[in-house]
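Chain A is already provided as a structure; the job is to place chain B on it using the hints.
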Amino acid sequence: MNDAERKKGIRQTALIVTAIAIAFYVGFIMIGVLRS
Amino acid sequence: MSTTVADLHDHHEDHGPAKGIGRWLFATNHKDIGTMYLIFSLTMFFIGGAMAMVIRSELAIPGLQFVHPEFFNSMTTMHALIMVFGAVMPAFVGLANWMIPLMIGAPDMALPRMNNWSFWILPVAFSILLSTLFMPGGAPAGGWTMYPPLILQTGDAFPFLIFSVHLMGISSIMGAINVIVTIINMRAPDMTLLKMPMFVWTWLITAYLLIAVMPVLAGAVTMLLTDQFFGTSFFLAAGGGDPVMFQHIFWFFGHPEVYIMILPAFGVVSEIIPTFSRKHLFGHDSMVYAASSIAFLSFIVWAHHMFTVGMPLTGQMFFMFATMLIAVPTGVKIFNWVATMWRGAMTFETPMLFSLAFVFLFTIGGFSGLMLAAAPADIQYHDTYFVVAHFHYVLVPGSVFAIMAGAYYWLPKWTGHMYNETLGKLHFWASTIFVNLTFFPMHFLGLAGMPRRIPDYSTQFTDFNTVASVGAIGFGLSQLIFVWVILSAWKGSRATDRVWEGSHGLEWTVPSPAPYHTFETPPKARIAGEAFE
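Going down the list, the protein sequences come from chains A and B. 99 is the number of the first residue of the first sequence in our numbering; add one for each residue after it. 18 is the number of the first residue of the second sequence in our numbering; add one for each residue after it.
Honestly, the hints are just simulated from the structure, not real lab data. Any given hint could be a false lead.
Stated by the list, open to error - Computed cross-link-like contacts, SDA-like style, restricted to lysine to any residue with a CA-CA straight-line distance of at most 20 Å:
| # | chain 1 | residue 1 | chain 2 | residue 2 |
| --- | --- | --- | --- | --- |
| 1 | A | K106 | B | M131 |
| 2 | A | K106 | B | K212 |
| 3 | A | K105 | B | D207 |
| 4 | B | K212 | A | M99 |
| 5 | B | K442 | B | E366 |
| 6 | A | K105 | B | E366 |
In isolation and in its complexed conformation, chain B is listed as follows:
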């Protein structure tokens, strides 16, 4: 486990990939592991997406149509767990595995065998989680937040849920350790911290967030487990425990988790916008400080998720203003992206289109977040579809669009072939239209008072729900275009090493596709030049 990349690469500079399944089972190469993460993430995206289809089909018209209410609750719970821990987070870890060593001029991740473990724990964790669908009592249905005492009513699935969450946490922590250790110790000789690309910076900050908060989630679910099976009363009021304490601990993890899913997205977009604007990133250092500020603030805002639970007025004021403060560094980022594009020679290839949509639509999610941060207003919005609209705007045209943008941007470097630009643009426009059709009406539903997590609703909410369901099915089908683009990329024209005319950075100095081993010798000579910038 403690084997470092220096050990593995001492005598193996010239070998290629292993043959057969062993290449993947025992993979230590960052590119292979990155590929596995990305494929896993896409698979989970479709499984979680199928659950979203069940939810939206049920909600297309009032009344109970297809599923029992209990199963509906399982779908909302599992959809969230799978999308957060199985799709979005592993996708960013996949991008990190592929790109961080290439961007900093390292031969691999610092701890390659631990990297292998980090990945292979995930399919086990999600097999366990998905197996709960077939257990007596059904899959967990108490929401992804796992609030006691409701979650303690889960049937046989309960210990499996806790075990799978633990495994996901261990995987994330090991991945984060690897990222930190790699960035701190494996950078090319002349690459100082402030010369690192923004994607690397945002991932370094994200990794510290993961190190701090994933153990907190693990601690919380460990206490749930002991409450259920070992007679403790951490969260059971009957035994002198405090159910609200779980919410505090959960959201101490949960809010930084939001930034774990968005900071790497900021990093991806900060790579793409300069490339297609043919300019350097405006205010690189201020972007670093803004990301660090966001990470710091994410630790002191958790109770804005709990305004309706009841807390002293001073507490409400503190968490409200601390939350609103996050708009400042986020505004710095939005400003810098716009300033990067200002008077740039812009072109609108698919990665740029997804990045631009990210800037616009993530900002909508940010603004609705500001509305929710206002404690008096939040008491009205809480647990309504307005909240669902808010976090889906942050996570889908936010995180997911950034992942799509990154995939299109780096696909030619990974495969050595250009993807079909027409299909890419078709995917973009279909996704953008349908994502808005799905989630924008949810703002109105929430403001009109429609609660979250219900399988049936009053007839006054019908029209917007029908529109949202049509949009969701359209969005789901649009993602099949993405799969086709990836599969057909292998038949595309050969990519050049630099791929994009305006690209900068070390990853574009290696051939396309990136060879199995890169930067065996640190890129000392080249980095004095502009490759870093």
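Same shape as in the complex, but just chain A:
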């Protein structure tokens, strides 16, 4: 794996896990909104 590929991989992985974290944050607040 060269440097460019590695940088691309790092950014892709970081974006995916950040999206998962945001989904859990928003998702659980939405559960609260729907239940209250």
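The following block gives chain B in isolation, referenced to the frame of chain A:
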């Protein structure tokens, strides 16, 4: 923020650390950041420990001795928040920062500037949290679980508590992103996932847990904040909300959080036991699957914390059996550690002693967890000192002992010097004796019916409480030996590169102390050999 290690290291292969305070304020080097995490964690360990001393001094004999009941409640709340988020978690992040790049042959963490942010958010978060001790109405006193409506009675400290919890969460999430991204993208070329050391594996799983559950905690406390200040009624029954929903959401975070604090401990112990048994880890792959199973199960057991709240019988049955199921992968791990030691050429240096104590004493915490998992029994044990005994056995001779074991194990690699083995063993024996003196009697107190979170108690509970208080003060003082061992390590004999005769792995192929920059070039040639194993 999106700067990657590849950017930072393109033109800086040959420079050393920056001079002065700037080295630490603007640190991007994983070793510097790891050191800062570890020092921060130790500081918080002593602050949280001082609060434990207040609690145990008050409880040494019946009656109110030193503090007001409100302040006592603040101490239990703050002690828990500081120990969980300020001591145990940052200690493991510190170990991860130091060791993961060295273990996988990476030059640094993948996102070094984000790494800097992850750390420096923490002192801000805990300064805010600790500042609440001086606010009108006092520090938060509703328990670390922050259940509404009680927590909404907190005085001026309330928004500061919520803000500091948010900051801790952001720090943890950023740290977890960094760990995942590093492990997925920065491994040495021939290091496949199943060739990774167990510490790296357990941290990868832990990081996914963090990504999933820290935002849930953040969501829960955001809703608490809006209930208090913006007129919503997520958890307020008077407005149509549901206080029990908070408990569900909190424990959906809270139970995986327990495994966030124990899986890296499993990883540390899985590194140490093979070294001092002069054998490879028995059943490496089964350990990986066991850790993954534990992580999965941790998401479906949260309501065992809530049996007394009231739930359908089928719900109780599900959460009871799902919880008991965790004993299976945990048993696999215990079996594998024992099998690793079986017929090994064992020696008992300080890291091994702490690891062995971990295996024995964590198992006690595991068994009392099984007792608590049984719904009919839990209804009796709930909110008693039996629960306090259980989770302290998991967290102190469990997580904390593993951190101590890791610190002794890797200290020569960090400092380039051997620590004083005699003092290390003294620290171990004092800690082990006092930790049992502190927490074992709490089982009996709980079974006899002593409730948690009370500053005074019936005289029938006096003897065991006095023993526990003596043990706690002894344990606290014993930790001063640890500080002395660390400080005096700089005067110890020079450590060799491999340090321990039975050690395996890439971290032992670099000099001691580990140079400021390591693995600038991936360790391609060496890893075909046994360094991975």
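Evaluated hints:
no.: 1; hint: A/K106 with B/M131; in the structure: holds (17 Å)
no.: 2; hint: A/K106 with B/K212; in the structure: violated (24 Å)
no.: 3; hint: A/K105 with B/D207; in the structure: holds (19 Å)
no.: 4; hint: B/K212 with A/M99; in the structure: holds (18 Å)
no.: 5; hint: B/K442 with B/E366; in the structure: holds (8 Å)
no.: 6; hint: A/K105 with B/E366; in the structure: violated (42 Å)
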